[in-house]
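Trainee: Sequence:
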Amino acid sequence: MNWSDIGSIVSKTAPALGIALGGPMGGAIGTALASLLGADPTPESVKAAIEQDPEWALRAKELEADLQKHTLADKADARAMQVAELQQEDTLSKQFIYWFASVWSVFTMFYVSMISFMGVDESSQRFADTVLGFMLGTLIAAMIQFFFGSSRRDQEREKFESVARTFKDISDYDK
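Heads up: the sequence shown begins at 21 in my numbering, then just goes up one per residue.
Just so you know, these hints were derived from the structure itself, not from any lab. Just so you know, these numbers come straight off a predicted model, no measurement behind them. Be aware that a few hints might be false.
As the list claims (entries may be wrong) - Computed list of lysine-lysine pairs in DSSO-like fashion (alpha-carbon distance at most 27 Å, straight line):
(1) K32 <-> K81
(2) K32 <-> K89
(3) K67 <-> K32
Turn these sequences into a full structure, and let the hints guide you.
Mentor: In structure tokens:
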């Protein structure tokens, strides 16, 4: 048994937590869940605690909410740092993020052009594909999300508004 197995159990109640348990931080998330359940930090012990504790789902949802709150706080800190940099008198501090993004964008365009038009020998093909995938899928995508925002934020806002409307409808029904 591993943390992914626990993730499949937990995901029925706390989907984001279940996904996190199956990911690269599964051990750390599993240890936190074990602590909340009063279990040893092993998948077997957590499974046994889940089976014995009828209120485990509530604790799992609380842990999921805490993880999401920390994620949002991290993003807010990055935005606040950028606002503070823009208020400084030092030109380099104000423009650093733009220069940083520009240099990586130009380097990525150069790399894509070289890979596309110059070719790569057979022994380096996998390495070139990995680097290209990282640059386009992670680096450039993160810069676009930083400067222009993410559609995920809009989806989360719409989901929140939908849930809020549902609760409002329920409370109006009770009146």
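Trainee: Please go over all the hints and tell whether each is borne out by the structure.
Mentor: Going down the list of hints, with the structure as the test:
{"no.": "1", "hint": "K32 <-> K81", "result": "holds, 11 Å"}
{"no.": "2", "hint": "K32 <-> K89", "result": "holds, 20 Å"}
{"no.": "3", "hint": "K67 <-> K32", "result": "holds, 14 Å"}
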